[in-house]
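Novice: Below are the chains, spelled out letter by letter.
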Amino acid sequence: MEIKEFISRFEDVLEDTDISGLTAETNFRELDDWSSLAALSTMAMITDEYDVAITADEMRSTTTFQQLFDLVSSKL
Amino acid sequence: MYNPYSLVDKTILITGASSGIGKATAIECSKMGAKVVVTGRDEERLNQTLAELDGGGHLSIIADLASEDGVTTLVNQCPQLDGLVNNAGSTIMVPTQFISRDKLLQVLEVNTISPILLTQRLLKNKKLSKGASVVFTDSISGVNIASPGNVLYSTSKAAIYGFVKNAALDLSVKNIRVNAVCPGMIDTHILDNGSVTSEDVEADMKKYPLKRYGRPEEVAYAIIYFLSDASGFTTGANLVIDGGFTLQ
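So the protein sequences, as listed, match chains Z and P.
Okay, so the first sequence: first residue is 1 according to my numbering, each after it adds one.
Okay, so the second sequence: first residue is 77 according to my numbering, each after it adds one.
So here's chain Z without its partners, still in its complex pose (with noise of 0.2 Å):
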């Protein structure tokens, strides 16, 4: 799994942000359409998409790109 792939996939989480403009570095919390229905809708693409489960609070611990990759990857 790439970074640059894994940042796509959040066309389907995040409707009104341009993805392309995305980074690892990029705080999602940040992002104008960043909601608690994004986070719900992260965890469900992430269970869909890589098979693994991530908790609420595990979400919560993070904030940028890289470290939600980096935790995915962890489970993977």
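It should be emphasised that the hints constitute simulated quantities derived from the structure, not laboratory data.
For clarity, every value in this text was computed on a predicted model and none was experimentally measured.
Fair warning: there could be bad hints in the mix.
What the hints assert, rightly or not - Derived DSS-like pairs: lysine-lysine, alpha-carbon spacing no greater than 30 Å straight-line:
| no. | chain 1 | residue 1 | chain 2 | residue 2 |
| --- | --- | --- | --- | --- |
| 1 | Z | Lys4 | P | Lys250 |
| 2 | P | Lys241 | P | Lys202 |
| 3 | P | Lys250 | P | Lys203 |
| 4 | P | Lys203 | P | Lys241 |
| 5 | P | Lys202 | P | Lys250 |
| 6 | P | Lys179 | Z | Lys75 |
What the hints assert, rightly or not - Here are some chain Z residues pointing at chain P (derived, C-beta under 10 Å):
| no. | residue |
| --- | --- |
| 7 | Leu37 |
| 8 | Ser41 |
| 9 | Thr47 |
| 10 | Val52 |
| 11 | Thr55 |
| 12 | Thr63 |
| 13 | Asp70 |
| 14 | Leu71 |
| 15 | Val72 |
By construction, the Cβ of each residue, glycine as well, lies at the ideal position given by its N, Cα and C atoms.
With the hints as your guide, set chain P onto chain Z.
Specialist: Showing chain P alone in chain Z's frame:
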């Protein structure tokens, strides 16, 4: 002592009795004098409920109601009933665009299909006495409110809302009453699977006019009302127990 809510001489089956609202209902029903039949999937936790019941003559039946064999086992072993509490429930939190057939079926199976079929099987096997009371643990989710990621749960509980009204009409000829309690958020372990954080829960609690979640016993008391002869003229009703949440 005068008590129109007494459950003395009533035998009551409660599903999902190993935790949460089901466990509290089993305990409170036993304190009101009922003979309680508790059912659930987890033998150890179910025995824990059984041990906490007041008085004697109670029964525990291990059954997975999502399987035909489980329903058959339960119906066969069940004594004649004066009350049925269809309480077992579960949830998977996903936003609409992430629904899958598996997740949808999983939630509908536990919350909608199993309780409806259990009711039908008990009726067909004449295990529900004339004058019996059937109570569903429904929810304010579905008919009254929507919340993020709650689509599967809401869908399953809205179906129960419809079933309760229709079954109440159909079963009136047998003098069997069918009612539902519709709780808001209750302090149970239904969200312990990690889909929300404790901070989310704290914030959500503040949205309730009474500034807290309900206690399982507070739902159990309403179920007792529907099971007792005090509600003899009430059928097809939905009692909202939500600390004022849906007033806003």
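Novice: Now tell me, hint by hint, if it's right for this structure.
Specialist: Status of the hints after comparison with the structure:
no.	hint	verdict
1	Lys4(Z) x Lys250(P)	violated (64 Å)
2	Lys241(P) x Lys202(P)	holds (21 Å)
3	Lys250(P) x Lys203(P)	holds (12 Å)
4	Lys203(P) x Lys241(P)	holds (21 Å)
5	Lys202(P) x Lys250(P)	holds (11 Å)
6	Lys179(P) x Lys75(Z)	holds (22 Å)
7	Leu37	holds (4 Å)
8	Ser41	holds (5 Å)
9	Thr47	holds (8 Å)
10	Val52	violated (13 Å)
11	Thr55	holds (3 Å)
12	Thr63	violated (14 Å)
13	Asp70	violated (18 Å)
14	Leu71	violated (13 Å)
15	Val72	violated (15 Å)
The structure does not agree with the numbered hints 1, 10, 12, 13, 14, 15 stated previously, though it agrees with the rest.
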